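For what it's worth, the working numbering labels the leading residue of the sequence shown as 1, then goes sequentially.
Calculated from the structure, these hints are not laboratory results. Honestly, I wouldn't trust all of these hints.
[Unchecked claim] Taking lysine-lysine and the DSS-like style, the derived pairs with C-alpha atoms no more than 30 Å apart in a straight line are:
| # | residue 1 | residue 2 |
| --- | --- | --- |
| 1 | LYS123 | LYS20 |
| 2 | LYS123 | LYS96 |
| 3 | LYS20 | LYS96 |
| 4 | LYS20 | LYS125 |
| 5 | LYS96 | LYS125 |
Here the structure is a predicted model, which is why all the values come from computation and not from measurement.
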Amino acid sequence: MKEALVEYRPASAAECEVVKVLLQKSHLPTEGVGEMGPNLIAAVEGGSVIGASGLEIYGTDGLLRSVVVADEWRGHGLGRQLVRRTLDLAVQRGLKNVYLLTEGAAEYFAALGFRRINREDVKGKVIDSAEFSHLCPSTAVAMVLHLDRNVKEEGEEGDGKGSQR
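My request is simple: use the sequences and hints to build the entire structure.
This is how it looks when you write it as structure tokens:
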């Protein structure tokens, strides 16, 4: 993938509809995607949305959601870039923690610095989000990233301390 060809930007209303289709194809929830506004980042190549990642904000906590990449673009680092840019947005918004729920990508997110937690350990209003309350099954793995720690680069070891990149 030629990174220079991919533009990352807040999704327009029309792009939100394309993101919903990508989410449906990946069997991910679409509820609330249209309300994310500038917190939904679209990856666009040649005028087409090829991926997205969203952030719901709850005080100083955030919920990473709707991370999706079109099938033909998987395996090229696009998801990692989307997550990084969404976490950068979280830092810009002054968030301290970013939570997520996943049914099949816990190892992927662990490689980015997230750690597994019990759902009971989720703090603040994130627990009242649609994702936690009814969109994701109780079997989904809860994870957190404290934003005073690095997001790991692929293959990087590191101690997880330092500032968010």
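Hints versus structure:
Using a Cα cut-off of 30 Å, the hinted pair LYS123 and LYS20 holds, with the two alpha carbons roughly 28 Å apart. This hinted pair checks out: LYS123 and LYS96 have alpha carbons roughly 11 Å apart, not beyond 30 Å. A C-alpha spacing of about 28 Å is found between LYS20 and LYS96, which places the hinted pair at or below 30 Å, so the restraint holds. The hinted pair formed by LYS20 and LYS125 meets the criterion: a straight-line CA distance of about 25 Å does not exceed 30 Å.
A distance of roughly 13 Å separates the Cα atoms of LYS96 and LYS125; the hinted pair therefore holds under the 30 Å criterion.
The structure fails none of the hints (numbered hints given earlier).
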